[in-house]
Amino acid sequence: MNKKTMHRRAFLRSCVAAALGSSVLYTAGVAGNAARAAAFDDYKALVCVYLAGGADSFNMIVPTESAGYADYAASRGGLAPRRDDLKPLRGVGYGVHPDAAKIADLYNANRLSVVANCGNLVRPLSAEEYRSGNVALPPQLFSHSDQQRLWMSGDPTGGSLDGWAGRIADHLVARQLPADPAINFNFGGINLLQSGSSVSQYSLTRQGKGYVTLHGAKPGSGGQRSIDAYRALARQARSAANPLVREYARIQLRAMEAVTSIQAALDDVPQLATEFTISDEQKFGRDLEVVAQMIAARQGLGARRQIFFIRLGGWDTHANQASDHPRLLQTLATGLDEFNRELDELGVSSQVTTFTATEFGRTLSANGDGTDHGWGGHHLVMGAAVDGGRIVGQMPDWKLGGADDAGKGRVIPSTSNDQYSATLARWFGVSEQSLGTIFPNLRNFSDTDLGFMKL
Amino acid sequence: MHPNYPAGNLLKGIFRFHLIFLVILLISTLSGCVDQPLEQQQVSDTSSVGNAALDEDSEQFVNPTSDASTQPPQVGGRSLFTASEEAASRFLSQATFGARSDDILRLVESGNNFSAWINRQIAVAPTFHRQLAQQQGLVHRMDVWWSAVVDHDDQLRQRMAWALSQILVVSDFPTILRNNQPAMLDYYDLLVRHALGNYRQLLEDVTLSLPMGIYLSMKDSQKYDPATGAHPDENYAREVMQLFTIGLWQLDQTGRRVLKAGQPIPTYNQKDVEALARIFSGWGSADAFKWGSDFTRPMKAWPDYHDSGEKIFLGHIFPAGQTAAQDMQQALDILFNHPNTPPFISRQLIQRFVTSNPSPEYVYRIAAVFKDNGRGVRGDLAAVVRAILLDDEARRPRDAADAFGKLREPLLKVTHLWRNYSGKVKAGNYWRPEMDFLQAPMRSPTVFNFYRPDFSPVGELRDAELEAPEFGITTTTSITTATNTLFSMIFARWDAQSSIDIAPLISIADDPEKLVDELDLVFLAGAMSESMRDRILASLLQQSSGPEQRARDALYLVISSAEYAIQR
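Going down the list, the protein sequences come from chains A and B. The opening position of the first sequence corresponds to residue 1 in the numbering used here, with each subsequent residue numbered one higher. The opening position of the second sequence corresponds to residue 1001 in the numbering used here, with each subsequent residue numbered one higher.
Bear in mind the hints are in silico, worked out from the structure with no lab data behind them. Possibly wrong hints are sitting among the right ones.
[Unchecked claim] Pulled from the structure, derived: some chain A residues nowhere near chain B, Cβ distances all over 12 Å:
{"no.": "1", "residue": "74"}
{"no.": "2", "residue": "85"}
{"no.": "3", "residue": "297"}
[To be verified] Here are the simulated SDA-like pairs of lysine to any residue, each with C-alpha atoms no more than 20 Å apart in a straight line:
{"no.": "4", "chain 1": "A", "residue 1": "283", "chain 2": "A", "residue 2": "272"}
{"no.": "5", "chain 1": "B", "residue 1": "1271", "chain 2": "A", "residue 2": "132"}
{"no.": "6", "chain 1": "A", "residue 1": "283", "chain 2": "B", "residue 2": "1433"}
{"no.": "7", "chain 1": "B", "residue 1": "1514", "chain 2": "B", "residue 2": "1546"}
{"no.": "8", "chain 1": "B", "residue 1": "1371", "chain 2": "B", "residue 2": "1252"}
{"no.": "9", "chain 1": "A", "residue 1": "209", "chain 2": "A", "residue 2": "136"}
{"no.": "10", "chain 1": "B", "residue 1": "1290", "chain 2": "A", "residue 2": "272"}
{"no.": "11", "chain 1": "A", "residue 1": "209", "chain 2": "B", "residue 2": "1484"}
{"no.": "12", "chain 1": "B", "residue 1": "1271", "chain 2": "A", "residue 2": "297"}
{"no.": "13", "chain 1": "B", "residue 1": "1514", "chain 2": "B", "residue 2": "1531"}
The beta-carbon is built from N, C-alpha and C at its ideal position, and this holds for glycine as well.
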């Protein structure tokens, strides 16, 4: 690592975590939450649905007016859905792919809005500026890992090893938000988005009730002494000479501590009213179900703020887009619809905001039977706190070689991910002065609130 | 320290001091020959029994009819292990799918001649997974993998293939590949075949393999079609550069980024990706372009669909009129001979075998071997892995306080356990290791593998700028599911998806100290701390259980421990 990134990190750390005394908080327990909760007396959650692989949202939200549709269809080769099949969005000249029709229903019920042509930017950018080559661009445009890293870190220098959701957690903890057992929850592996410096992300599981305990943890099951010795060994290993050993031991202990409160809270949650659709191929419905259970368990957990990260994969549709993409849209739309209904059942629709993200949109042009890595794309934001039924921002020129084309229909975003994320963060309770630290690139954009959240 | 067992610990302490002294002595005597070929650099040992025994043993070691893989390992009557046993165990933990008690003894008997061991490994017949599936009537690819890496003798080759499968990633997440498991086996066999061969040939076979063609959609990618506006697919073109050869940023030969005015320098731009996509156009399955259904053969060039116009790629001109094969050869030569490729690949291989944070000098030495194996050959993977394993940084004594080592991949804990205790998947059990371990052969969530080489978890490791890729799949949940799975195996629970036979451990479990020493040697290569040893002994002695329960308890505590989790 070079010095520059060191400095950058040190800078971010010092700004975000200035008020923090200790390094990693994981010890106070749920009982401590109540005492510290005074600063946050309400509950809010952000649910990120990450469309991994670079989602072709241009095939999800489609122009329906004849001129726009003609340009669009010409650019998309054989991939464009038929105009007659589109489910209209009320009054905007756009419609939704028939396999995602439930998204149109949510939109038309003012429960969902579309953020148009949004993506990674360093600063506002026109096609002329792009072609001139003399402007700051996100590093390694069109690369999965780098564009994902940039969206998650919000740091175009590439030096940050934190993500903005992790920094939000740091910020809130510094303002006395209860942080046990965690603020950031995910499924699967560790992700950059939720990495911060003071609170660790907690991984849920699709198995069982969403948590797992060590085998033999229950008294009388024959394994208790193994558990005790396991814990004792992990405690010792926290002071091992090798730092990798210490790190592993800390995760062992954190897993044991955190699961205790999560188990207690989840076991108290009654059966959810909604039956989520869960397919063998996509476990998206199951993830949403576990998230809904965690939200239902918020009081037991003493939670005031939660950020959930769900990964829905398969969107890298270089090939077979005509068969694969509709299935993905159906999974997404079905999941969002069911999740919305369950949030209504739980009475938390205005406290939970669900939003999509991805590393990049896809080329407007086709490569035969699929699309390649693009740039801007549309996002969905859902909840009763959302100013629903709107298309936010600017739709692009649909022509190849048109005003927004960076080549082959890689569409230059008109709205930056920083603006999009910051709008969500502000609603979530991040203070104005901290927005600039959590999103260091936000200062390059004059409009830091896209206005899709009701106050 | 438990009051009943002071003598052993004391002896062990004295012994360790003695060991350190011995190794320092050895290093100082060897330090004069650092410029000699690597064969002469490995640490020999005072308990060597000479070359005659070595040859005899080597035969036994590689002989596929040897009962080494079917008999339970022998447990000696020792209560303390020797420095050379410790060194042998440590070497085997880096080079195989888990050190075994009997293999440790054999290696020690050879005088810890690691170089000769590697020579034998290079010579031993490869275990091909497709063949194995047919021979053993195995239905599921995962079962084949377990059998190949647990029961077979070509350990170094299999471990290299496993490492390569995490660099040249194909995953069966796409349905079309999930439904063609024989093709997935063929892909893995391609890695097995070239694991100790040449990276250039490996790269070519990977490029033309059907599963890769499907996974990164180079298959059926065709030249620009003015009628539809369709352009060649950029997927493989991008990833073959970013992940399989040169990476995103210009590197020096130590694997560190070259900076210009404080900024890293990209190795390629979007124009290069587009040019390479054109270069790679025109390949389809062997029976037909588009809609081909031949999953058994590599891809074939279909001239009508190849863009034969002139291209400029990374500053090289590809003249008009070249065939798809000529274009492909030229492009792969450019990537293979690019200065980034040796350090980029070498560093990742070091991370898979030895340590997550190799010194720049270590990377430099391995990259040099990648560039030239000493006989003018570039990309000789056998020479590369030999250099990785025999390097002083891999072989010198541990310094407990440094960050040397790597988090064991979760699957390698299972193979380590099974290799010692005749572990087998329960018949017909289609196992999905990724559910418990977030890792399974050729089932990475994306082409970016289960974890990135530069991953560093929040907290102490990141603050110290230490990389630790495997921590990317070590979450508050997976650490528990993985531990539970091992628990089920060790305690033979009904939900265990395998069976193991720990009779060899039970036979020494009357003596808890001997039991823990055996586990220390086999699983931690002697790295168990005094405090861990004392704690386990205390736990065992608190109970009034019989030898079987004691053996299971001890094994579980070792396998689930943080000290074992880090291969050092």
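To see whether the hints hold, each was checked on the structure:
1. 74: It is violated; residue 74/A is separated from chain B by about 8 Å at its closest Cβ, not greater than 12 Å.
2. 85: Answer for residue 85/A: holds, closest chain B Cβ roughly 20 Å.
3. 297: holds, 16 Å
4. 283/A / 272/A: holds, 17 Å
5. 1271/B / 132/A: holds, 15 Å
6. 283/A / 1433/B: holds, 17 Å
7. 1514/B / 1546/B: Since the Cα atoms of residue 1514/B and residue 1546/B sit roughly 15 Å apart, the hinted pair holds (cutoff 20 Å).
8. 1371/B / 1252/B: Holds, at about 13 Å.
9. 209/A / 136/A: Measuring from Cα to Cα gives roughly 47 Å; hence the hint is violated.
10. 1290/B / 272/A: violated, 47 Å
11. 209/A / 1484/B: Holds: residue 209/A and residue 1484/B sit about 16 Å apart, inside 20 Å.
12. 1271/B / 297/A: violated, 51 Å
13. 1514/B / 1531/B: holds, 16 Å
Hints 1, 9, 10, 12 from the earlier list are contradicted by this structure; the remaining hints agree with it.
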